[in-house]
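Novice: As a plain string of letters, each chain reads:
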Amino acid sequence: MFGYVRPLRPELKCRDFDLYRATYCGLCRCLRRRYGLTAPMLLNFDFTFLALLLWEPEEGFTPCSGRCHANPLRKLPMCPDSPALELAADESVILAWWKLRDGVEDEGFWKGLPARTLSWIVWPAYKKAARRCPEFDRTVKNCLEELSALEGENCRSLDRAADTFARLLQSAAPGEGERGRILSQLLYHLGRWIYLADARDDLEEDRLAGRYNPLAARYGPSGDDEALRLTMDHSLELMGAALQLGDFGCRRPVLENIVYLGLPLVEKAVFDGSWNEIKKQKIWRND
Amino acid sequence: MRDPYTVLGVSQSASDDEVKKAYRELARKYHPDNYQNNPLADLAEEKMKEINEAYDTITKQRAGGYAGSSSGGYQRGGYTSASANPTYARVRNLINAGDLAQAEQLLYEVGQKDGEWYFLSGSIAYRKGWLDEAMQNYTLAVQMEPGNMEYRQALTLMQRGSMGGYRPAGYATGMDAMDCCTTLMCLNCLCGGGRC
Numbered sequence: 001m002f003g004y005v006r007p008l009r010p011e012l013k014c015r016d017f018d019l020y021r022a023t024y025c026g027l028c029r030c031l032r033r034r035y036g037l038t039a040p041m042l043l044n045f046d047f048t049f050l051a052l053l054l055w056e057p058e059e060g061f062t063p064c065s066g067r068c069h070a071n072p073l074r075k076l077p078m079c080p081d082s083p084a085l086e087l088a089a090d091e092s093v094i095l096a097w098w099k100l101r102d103g104v105e106d107e108g109f110w111k112g113l114p115a116r117t118l119s120w121i122v123w124p125a126y127k128k129a130a131r132r133c134p135e136f137d138r139t140v141k142n143c144l145e146e147l148s149a150l151e152g153e154n155c156r157s158l159d160r161a162a163d164t165f166a167r168l169l170q171s172a173a174p175g176e177g178e179r180g181r182i183l184s185q186l187l188y189h190l191g192r193w194i195y196l197a198d199a200r201d202d203l204e205e206d207r208l209a210g211r212y213n214p215l216a217a218r219y220g221p222s223g224d225d226e227a228l229r230l231t232m233d234h235s236l237e238l239m240g241a242a243l244q245l246g247d248f249g250c251r252r253p254v255l256e257n258i259v260y261l262g263l264p265l266v267e268k269a270v271f272d273g274s275w276n277e278i279k280k281q282k283i284w285r286n287d
Numbered sequence: 288m289r290d291p292y293t294v295l296g297v298s299q300s301a302s303d304d305e306v307k308k309a310y311r312e313l314a315r316k317y318h319p320d321n322y323q324n325n326p327l328a329d330l331a332e333e334k335m336k337e338i339n340e341a342y343d344t345i346t347k348q349r350a351g352g353y354a355g356s357s358s359g360g361y362q363r364g365g366y367t368s369a370s371a372n373p374t375y376a377r378v379r380n381l382i383n384a385g386d387l388a389q390a391e392q393l394l395y396e397v398g399q400k401d402g403e404w405y406f407l408s409g410s411i412a413y414r415k416g417w418l419d420e421a422m423q424n425y426t427l428a429v430q431m432e433p434g435n436m437e438y439r440q441a442l443t444l445m446q447r448g449s450m451g452g453y454r455p456a457g458y459a460t461g462m463d464a465m466d467c468c469t470t471l472m473c474l475n476c477l478c479g480g481g482r483c
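Protein chains in written order, with our numbering: chain A, 1 to 287; chain B, 288 to 483.
I should point out that these hints are in silico values taken from the structure, not numbers from a laboratory. A hint or two may mislead.
Stated by the list, open to error - Just so you have them, the derived chain A footprint on chain B, three or more residues with Cβ under 8 Å:
id	segment
1	323-333
2	413-425
As the list claims (entries may be wrong) - BS3-like, lysine-lysine: derived pairs with alpha carbons at most 30 Å apart:
id	chain 1	residue 1	chain 2	residue 2
3	B	K400	B	K334
4	A	K141	B	K415
5	A	K268	B	K415
6	A	K13	B	K308
7	A	K13	B	K316
8	A	K13	B	K334
9	A	K99	B	K415
10	A	K268	B	K316
Note that the structure is a prediction, hence the values are computed from the model and not measured. From the three backbone atoms N, C-alpha and C, an ideal C-beta is built for every residue, glycine too.
Please build the complete structure, drawing on both the sequences and the hints.
Specialist: If you want it as structure tokens, here you go:
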């Protein structure tokens, strides 16, 4: 997706780092097993967070050993397939597909070529994933359509634009019961935060390209970092409040690290511009 | 009822001080102030009740069953102030019940927009997660009725940024603790380096 959702490594205990890494590797393997050899390219940190969040709280951490997709000679500890990993894998395929379609439609023939090629590759996986989670598929499609409609009319409301992506992410977890309510609230504000962080990251680029940017529409061409930071921080706070109400078992420390340390630091990096370096260097690298 | 010691997360052999400390930490975590106008406020309230009961049970047990209620200092927040306007009172009830669509509709039928209108409109936006609009509405409410403490409190909550709110131990200071972490160092800090 975007890769904004990361833990802060120096503050992680070793066992929590192992847990995080095994979940990441497990998601990679799960993608490969369910969707074939090209699917691990869709692997990202954001959906690792989702898998951690969706995991049954009673379930402990018992990694198995598996071959690394990037380097099959190496064996790594990874989480065995579980409903949480499978759901995260299915949903990352669906979201990747619709993001690619979005990219194809936004660009002309030549500029849209890479996105189109990629979407051909993802197509068979997408068909399978959409059969498995038809509801999520529908929501993603509708929300992204709403979002492009809002972009088309140069929507001035920050919340209205962010709401589309927030609802999209919210639908990634089943919303029933007490746990469902907690996850819904948490994911809504995560989605809102990601949307705003991404908008801030693209602000300059959108200005030069003359594209719609929700921050430019709301605050003026150069945005308003002070106001944006306040509203983003408040979303983080609401995420933290939701996190405290849920039961996340042994995954709580990693989740807390991400919400209380990782996200604020990413936010800071997005604001001061260093995010571009971080994301380029790290996102797809496996070692 | 769950075992009171499990609720507080301490062992049966914990000292009175340890029990009290665990209770205070949990009470701080689920305090109504952290869940003001939060759509999950009812869940926090339940937790709060549970830990209050657990603490009471333990203190009673340890005092030989004679001690009265020793906690209960934390009461629920929510809307306590009443509205003079009956429509607003209904809107408040709907917001508390979580029926935001109905509340919004009712509010839009009001012709005259005063401070309370903007305040309630802000509350609905806040519950929905539309924090920017909540902030704008609260600001207008305070501008129209600067003397109203309820509106000012709501606005202050929006303006305090990352300073307020509960943090578990270890995350207490948030970003300030990472001043040593220069941007360059952060390149390696955010997970993604190394082998994950």
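Novice: Look at each hint and say if it fits the structure.
Specialist: Now for the hints, and whether the structure bears them out:
1. Three residues within the 8 Å Cβ limit are the bar, and the segment 323-333 of chain B against chain A gives 5, so the coverage statement holds.
2. Counting residues of the segment 413-425 of chain B whose CB lies closer than 8 Å to any CB of chain A gives 7, so the stated coverage by that chain holds, three being the minimum.
3. Simply put, B:K400 and B:K334 have alpha-carbon atoms about 38 Å apart, too far for the 30 Å limit, and the pair is violated.
4. With a C-alpha separation of about 21 Å, the suggested pairing of A:K141 with B:K415 holds against the 30 Å cut-off.
5. Using a Cα cut-off of 30 Å, the hinted pair A:K268 and B:K415 holds, with the two alpha carbons roughly 26 Å apart.
6. Among the hinted pairs, A:K13 with B:K308 is consistent with the structure: their alpha-carbon atoms are about 24 Å apart, no more than 30 Å.
7. For the proposed pair A:K13 and B:K316, the alpha carbon gap of about 23 Å is at most 30 Å, so the pair holds.
8. Of the pairs offered as hints, the one joining A:K13 and B:K334 holds, with about 28 Å between alpha carbons and a cut-off of 30 Å not exceeded.
9. Restraint check: the Cα-Cα separation between A:K99 and B:K415 comes to about 25 Å, which is no more than 30 Å; the hinted pair holds.
10. Pair hint A:K268 plus B:K316 holds up; C-alpha atoms about 26 Å apart against a cutoff of 30 Å.
In the structure shown, a violation is registered for the earlier hint numbered 3 alone.
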